[in-house]
Amino acid sequence: MMSLDPATVRRIAKLARIRVEDAELPKLQADLAAILGYVEQLGEIDVTGIEPLSGAAQMALRMRADIVTDGGQTEAILANAPGREGDFFTVPKVVE
Amino acid sequence: MSYMIEGKTGPWEIVVGLEVHAQVTSHSKLFSGAATDFGAGPNSQVSFIDAGFPGMLPVINEECVAQAVRTGLGLNAQINLVSRFDRKNYFYADLPTGYQISQYLHPIVGKGVIEVELEGGITKNIGVTRLHLEQDAGKSLHDQSPSKSFIDLNRAGVALMEIVSEPDIRSPEEAGAYLRKLRSILRYLGTCDGNMDEGSMRADVNVSVRKQGEEFRTRCEVKNVNSIRFVMHAVEAEAKRQIELYESGGTVQQETRLYDPARGETRSMRSKEDAHDYRYFPDPDLLPLVLDEAWVAGLKAKLPELPDDKCTRFVRDYKLPPYDAAVLVMEQATAAFYEQVASGRDAKLAANWVIGELFAALNRTGTNIETSPVSAAALGELLDLMADATINGKIAKEVFEAMVETGQSAAAIVESKGLRQVTDTGAIAAAIDQILAANQDKLAEYKSGKEKLFGFFVGQTMKAMAGKGNPALINKILIEKLA
Chain A
13 MMSLDPATVR
23 RIAKLARIRV
33 EDAELPKLQA
43 DLAAILGYVE
53 QLGEIDVTGI
63 EPLSGAAQMA
73 LRMRADIVTD
83 GGQTEAILAN
93 APGREGDFFT
103 VPKVVE
Chain B
2 MSYMIEGKTG
12 PWEIVVGLEV
22 HAQVTSHSKL
32 FSGAATDFGA
42 GPNSQVSFID
52 AGFPGMLPVI
62 NEECVAQAVR
72 TGLGLNAQIN
82 LVSRFDRKNY
92 FYADLPTGYQ
102 ISQYLHPIVG
112 KGVIEVELEG
122 GITKNIGVTR
132 LHLEQDAGKS
142 LHDQSPSKSF
152 IDLNRAGVAL
162 MEIVSEPDIR
172 SPEEAGAYLR
182 KLRSILRYLG
192 TCDGNMDEGS
202 MRADVNVSVR
212 KQGEEFRTRC
222 EVKNVNSIRF
232 VMHAVEAEAK
242 RQIELYESGG
252 TVQQETRLYD
262 PARGETRSMR
272 SKEDAHDYRY
282 FPDPDLLPLV
292 LDEAWVAGLK
302 AKLPELPDDK
312 CTRFVRDYKL
322 PPYDAAVLVM
332 EQATAAFYEQ
342 VASGRDAKLA
352 ANWVIGELFA
362 ALNRTGTNIE
372 TSPVSAAALG
382 ELLDLMADAT
392 INGKIAKEVF
402 EAMVETGQSA
412 AAIVESKGLR
422 QVTDTGAIAA
432 AIDQILAANQ
442 DKLAEYKSGK
452 EKLFGFFVGQ
462 TMKAMAGKGN
472 PALINKILIE
482 KLA
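Chains as they are written, first to last, in the working numbering: chain A, 13 to 108; chain B, 2 to 484.
One chain only, chain A, in its complex shape:
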């Protein structure tokens, strides 16, 4: 079983910008560990000499021509914006 300490669970949650209460930690820790353990089983397979695969289908990427076919829909793009000023999205100030 994959071990996962509470600090790592906190870090994963933080990177995903998900707030996790202290009370939820033990359950998440167990759930995530179970998922990781399940996936870990793949490590038991001997893949020596097998090329890695980045897609399920053995196909190459299809390409499109360099033509403008999209855009010009400012209203649709901004329709669900939580904050808007003129034609800009607005977000709480990002200070750097």
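Hints are computed from structural coordinates only; laboratory data are not their basis.
Some clues are possibly wrong.
Below, in silico cross-link-like pairs of lysine-lysine (DSS-like), each with a Cα-Cα straight-line distance of 30 Å or less [what the hints assert, rightly or not]: (1) A:Lys105 x B:Lys212; (2) A:Lys105 x B:Lys125; (3) A:Lys26 x B:Lys89; (4) A:Lys26 x B:Lys448; (5) A:Lys105 x B:Lys464; (6) B:Lys89 x A:Lys39.
On the provided structure of chain A, position chain B as indicated by the hints.
Below, chain B alone, put in the same frame as chain A:
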């Protein structure tokens, strides 16, 4: 003589590697059909893919792939026929998807090399580690409101080439030369316009310092420097900061810094501790990018003559000094202008006029080679008037200034201002006689051995003839008269 910074504990060598983000010249974005034009109204060039709407799938733009391959070929680099796209995950307001599609483990272009020209005719090879394709992010404006940041996604999804150099750069001069050369190659290839003011090319500068013979020490990354001059300043400022730190007993922490041009210093970005955990993984929406060898060969066959080849040809065919050739080939348009002026004429004289008078006039009038007030054909005509002795070199400069001012042809200016060179030996002899008669004392001095005065007599004669005398004839007749 290598560049060193003198510290309290002796000389320090600087080590620099550059990551250049070059915006790919294309009509539409890397994975969507929205337009890429600069300066459009906010959020007017955004597709649902760029805005990170659910269920939207990216489809790659063939021309962006071709541009990356052309650039790789122009950098003498290995083209990887199989490459792959990964997701680089980070959270920022101008990145709607929460990840940037990039190429991490398998870039489209591998190792290459750029030859840069340094002062004194020295050249140096700077290695290129890799080039990969990725998406640009949107643009955040922080100065529009006291409490909010404004986001424009027009740039989100535009194709970028990230071009990473080896840590082969050892001075601010080399950093500048590398960027100038890279920019020149990109512009020749037409794969990036190289316009740093509009952000089409920006550099992340990795700097460390060391004592000679040491292994590399810890480096810092100065992010998003947007002019060649600032890159050179940032290299020096950051190196000096690190040296001071070491010499006062401290150590350099690997971190991301910003260059502040107003203060001429770098400062730490208060980045969060997890900011660099990008959790790359292969993008499940995108299959491997597989290129056909014949397609790559087809692109290679259509590449233009690049600056290095053109420079070699200029030195060989026009017998130009390498420095002149390097200056003329920096921009394709300048090289074409020069070749038109030089065609059928004295090539070295043509180079002198383009690099000297023309460049000065462009600077002064705020124009460039494409909008030059004097065309290549017009400059050629002026050189012809010198070649057939209609005017002398001194008058030619005056005519050139009038051409810049009025846009008239050289011949028209020579006629209207009566600048035609005097080649009538009788008129020249008469002018010389007058000068000699008016300067009996100087003539006596000359005859008693003060031969330097010859130049004085030439000058006075030329002045008396309003600059229009043929210099060769004046010299010849004066020698005869003084004999």
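Status of each hint after checking the structure:
1. A:Lys105 x B:Lys212: 43 Å, violated
2. A:Lys105 x B:Lys125: Violated - the C-alpha atoms of Lys125 (chain B) and Lys105 (chain A) are around 45 Å apart, more than 30 Å.
3. A:Lys26 x B:Lys89: Holds, because 16 Å separates the two Cα atoms, which is no more than 30 Å.
4. A:Lys26 x B:Lys448: 96 Å, violated
5. A:Lys105 x B:Lys464: 70 Å, violated
6. B:Lys89 x A:Lys39: 28 Å, holds
In summary, the numbered hints that this structure violates are 1, 2, 4 and 5.
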